[in-house]
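Chain A is fixed; fit chain B onto it per the hints.
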Amino acid sequence: MFSRQLLLSVLLSIIFLFPLYLVFINSFKFENDIINNPGSFPEIFTLKNYLSIFFKSDDLLVNSFSNSLIFTSISIFFVLILSSMLAFSIHFLNKKLQNVIFIFLLLGLILPTPIILIPVFTILKFINLNNTFIGLILFFSAYYLPFGTLVFRGFMKNIPQEMIEASFIDGANFFICYYKIILPILKPAAASVIIITGTWVWNDFLNPLILLGPLQGTTVTVGLYRMVGQYSINFGELYAFMVLISLPVLIAYLFLQKYFIEGLLAGSTK
Amino acid sequence: MLITPALFLFTLLIILPICLTVFYSFFKISFLTNKYDFIGFKNFYKLTFKKEFFNSLQIVLILTIIAVFVSNFIGIIFAKLFNNDHKLFIILRILIFTPFILSPIVIGYIFVTILTDNGILNQFISIFNNQIKISWLGNPNMALISISIALCWQLIAFCTVIYLANLKNIPKELEDAANIDGANKIQKFRYLDWPLLAPALTINTVVILISSFKLYDRVLALTGGGPGRSTETIAMLIIRTAFNENRVGFASSMSLLLLVISGATTFIALIYLGKREVEN
Numbered sequence: 067m068f069s070r071q072l073l074l075s076v077l078l079s080i081i082f083l084f085p086l087y088l089v090f091i092n093s094f095k096f097e098n099d100i101i102n103n104p105g106s107f108p109e110i111f112t113l114k115n116y117l118s119i120f121f122k123s124d125d126l127l128v129n130s131f132s133n134s135l136i137f138t139s140i141s142i143f144f145v146l147i148l149s150s151m152l153a154f155s156i157h158f159l160n161k162k163l164q165n166v167i168f169i170f171l172l173l174g175l176i177l178p179t180p181i182i183l184i185p186v187f188t189i190l191k192f193i194n195l196n197n198t199f200i201g202l203i204l205f206f207s208a209y210y211l212p213f214g215t216l217v218f219r220g221f222m223k224n225i226p227q228e229m230i231e232a233s234f235i236d237g238a239n240f241f242i243c244y245y246k247i248i249l250p251i252l253k254p255a256a257a258s259v260i261i262i263t264g265t266w267v268w269n270d271f272l273n274p275l276i277l278l279g280p281l282q283g284t285t286v287t288v289g290l291y292r293m294v295g296q297y298s299i300n301f302g303e304l305y306a307f308m309v310l311i312s313l314p315v316l317i318a319y320l321f322l323q324k325y326f327i328e329g330l331l332a333g334s335t336k
Numbered sequence: 016m017l018i019t020p021a022l023f024l025f026t027l028l029i030i031l032p033i034c035l036t037v038f039y040s041f042f043k044i045s046f047l048t049n050k051y052d053f054i055g056f057k058n059f060y061k062l063t064f065k066k067e068f069f070n071s072l073q074i075v076l077i078l079t080i081i082a083v084f085v086s087n088f089i090g091i092i093f094a095k096l097f098n099n100d101h102k103l104f105i106i107l108r109i110l111i112f113t114p115f116i117l118s119p120i121v122i123g124y125i126f127v128t129i130l131t132d133n134g135i136l137n138q139f140i141s142i143f144n145n146q147i148k149i150s151w152l153g154n155p156n157m158a159l160i161s162i163s164i165a166l167c168w169q170l171i172a173f174c175t176v177i178y179l180a181n182l183k184n185i186p187k188e189l190e191d192a193a194n195i196d197g198a199n200k201i202q203k204f205r206y207l208d209w210p211l212l213a214p215a216l217t218i219n220t221v222v223i224l225i226s227s228f229k230l231y232d233r234v235l236a237l238t239g240g241g242p243g244r245s246t247e248t249i250a251m252l253i254i255r256t257a258f259n260e261n262r263v264g265f266a267s268s269m270s271l272l273l274l275v276i277s278g279a280t281t282f283i284a285l286i287y288l289g290k291r292e293v294e295n
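Going line by line, the protein sequences match chains A and B. So for the first sequence, my numbering puts the first residue at 67; every next one is plus one. So for the second sequence, my numbering puts the first residue at 16; every next one is plus one.
Everything labelled a hint here was simulated from the structure, so no lab data went into it. There may be inaccurate statements among the hints.
[Unchecked claim] Rough simulated footprint, nothing fancy, chain A against chain B, three-plus residues with beta-carbon under 8 Å: (1) 66 to 76; (2) 90 to 99; (3) 112 to 126.
[To be verified] Across the chosen pairs, the derived CB separations fall in these ranges: (4) A:F158 x B:F38: 28 to 36 Å; (5) B:N261 x A:I91: 23 to 31 Å; (6) B:T19 x A:F84: 31 to 39 Å; (7) A:S69 x B:L31: 56 to 64 Å; (8) B:L136 x A:Q71: 25 to 33 Å; (9) A:L249 x B:N259: 42 to 50 Å; (10) A:F90 x B:L31: 40 to 48 Å; (11) B:L136 x A:F107: 15 to 23 Å; (12) A:Q71 x B:N145: 36 to 44 Å.
[To be verified] One-sided excerpt, in silico: chain A residues whose CB lies under 7 Å from chain B: (13) S79; (14) I80; (15) M151; (16) I181; (17) I184; (18) V186; (19) M308; (20) Y319; (21) Q323.
Idealized CB from N, CA, C, for every residue including glycine.
Okay, chain A solo, but in the shape it has when bound:
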């Protein structure tokens, strides 16, 4: 019984994950090898695809990679700070006000971005932040605020009220209480928020495409799109590019996968 279940599971997983195998294995092949036997191991193992996208004259890979790295980390930082602060301070409001804020947060959580992209574009233009990374970072921070807040909120419920009150009696103000007591307790939740929003921000395509505009530096996803448009692309280079830009999130996921799934459950069951 057990071995039959295992056999079936492995077989289905292989079929299910076959596209990923294809991408990985073909990124190490020469073009005609890919066309002739796409499914097999490389006849001649080569790093040519990786080298050639690395040394493209416009530095597309390096530029988009460093851009994504910078704005993703700053966005994560903002989401962490803002949503933990919000989750903490909601605590002290009356029930009615709490519920109002939560309804708005839920609205933000289920809102598809294409709907608000036009006004976001005009607002950023109005405050002169269109086509800048700052504008994009601010938008991401606002957009993922509901998710972060709900994850932190779920965690905050476990903090005994006495602990917070005790700190106030000891003369701590809001900020010290937040910094010294709340933040350390929220660490596991923070891991979830970091890995999940990080993945979403890194992977996002439409928002950077519109909000950064055609002239500004690209992100990894926009870079992939540009690369396909610009060069007469061959499959091998495309695969190599996709492997490289997916690597950071895959590595982060493998190390923090427990937090990834816990966070998704915490954020979505609320």
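Below, chain B without anything else, positioned relative to chain A:
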């Protein structure tokens, strides 16, 4: 105090845009001239004649229905299959989630290389039969199926993991009791797992609904909305109308309708499926 920066940013970039979408849909706006002309309900009136809008609506609807059924169905099968604490299953569980981690545009391009006319799938088919040449992306109906495959692939990964987490919360005693009562596999699923998996079904369905309403990158990579405009999603139509055709007010009226439709659908799903959870 601490609350202000977060709420200010959220209001400025999420709540205000929602209000502005409503406001814009009553205007004729161009990004080039920055002129705002009030035209009342004219945008909505024009929308009723816009064939492309209804076509996009239909496409999103079809894709949503396919995604909800297929992803939930396969998700449950995978979850039941992988629900085992043996080490190998834990590894499989970690691996099965990877499609969800990848960017939708990467997924789009993965499937492009597999499905294009001289792509991997057709190469594979031609080994067995040289006569069959299926245009997976060039034929409107086929293209829709190809898109739903790419969409479901990622959503199945998500559903599986959520169902697995839910299955863990079902007490072992219940299954033992069902075994003692002599329930067969189908009965056990119908009366035990299916009702108890209600919370996961709610989460998955809502997530699927949200991701189909904002469907953009995958379709852009796979078909670019083509052939013709046969696979253009609403999100693509809105972005094209606003940023390429510069008809901002008109695009906003579509956004507003999408907001109402997606909001209503998600809300109804939440209420209906949430009620089911309580009943059980």
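Hints versus structure:
1. Note: the segment 66 to 76 of chain B has 0 residues with beta-carbon separation from chain A under 8 Å; the three-residue rule is not met and the coverage is violated.
2. Restraint check on the segment 90 to 99 of chain B versus chain A: 4 residues with Cβ-Cβ distances below 8 Å, three needed, restraint holds.
3. Check on the segment 112 to 126 of chain B: 12 of its residues sit with their Cβ under 8 Å from a Cβ of chain A, so the three-residue criterion for coverage holds.
4. Checked against the hint of 28 to 36 Å, the pair F158 of chain A and F38 of chain B passes, with Cβ atoms roughly 34 Å apart.
5. For N261 of chain B and I91 of chain A, the hinted distance range of 23 to 31 Å is not satisfied, since their beta carbons lie about 45 Å from each other.
6. Checked against the hint of 31 to 39 Å, the pair T19 of chain B and F84 of chain A fails, with Cβ atoms roughly 50 Å apart.
7. Separated by about 59 Å at the C-beta atoms, S69 of chain A and L31 of chain B satisfy the suggested range of 56 to 64 Å.
8. Checking the proposed 25 to 33 Å range against L136 of chain B and Q71 of chain A shows it holds: the Cβ atoms sit about 29 Å from each other.
9. L249 of chain A and N259 of chain B have their C-beta atoms about 45 Å apart, which keeps the hinted 42 to 50 Å range intact.
10. Checking the proposed 40 to 48 Å range against F90 of chain A and L31 of chain B shows it holds: the Cβ atoms sit about 44 Å from each other.
11. Distance hint check: the CB atoms of L136 of chain B and F107 of chain A are about 19 Å apart, consistent with the given range 15 to 23 Å.
12. Evaluation of the 36 to 44 Å hint for Q71 of chain A and N145 of chain B yields a pass: the beta carbon distance comes to about 39 Å.
13. The beta carbon of S79 of chain A comes within 5 Å of a beta carbon in chain B, closer than 7 Å, and the hint placing it at the interface holds.
14. With a least beta-carbon distance of about 10 Å to chain B, the hint placing I80 of chain A at the interface is violated under the 7 Å criterion.
15. For M151 of chain A, the interface hint holds, since its Cβ comes within 7 Å of a Cβ in chain B; the closest pair sits about 4 Å apart.
16. Hint status for I181 of chain A relative to chain B: holds, with the closest Cβ pair at about 5 Å, below 7 Å.
17. A hinted interface residue such as I184 of chain A counts as satisfied when its beta carbon comes closer than 7 Å to some beta carbon of chain B; here the least separation is about 5 Å, so the hint holds.
18. Because the closest C-beta pair between V186 of chain A and chain B is about 5 Å apart, less than 7 Å, the hint holds.
19. For M308 of chain A, the interface hint holds, since its Cβ comes within 7 Å of a Cβ in chain B; the closest pair sits about 5 Å apart.
20. The interface hint given for Y319 of chain A holds, since its Cβ lies 5 Å from the closest Cβ of chain B, which is under the 7 Å cut-off.
21. Interface hint status for Q323 of chain A: upheld, as the beta-carbon distance to the closest one in chain B is roughly 6 Å, under 7 Å.
Violated hints, listed in ascending order, are 1, 5, 6, 14; each of the other numbered hints is respected by the structure.
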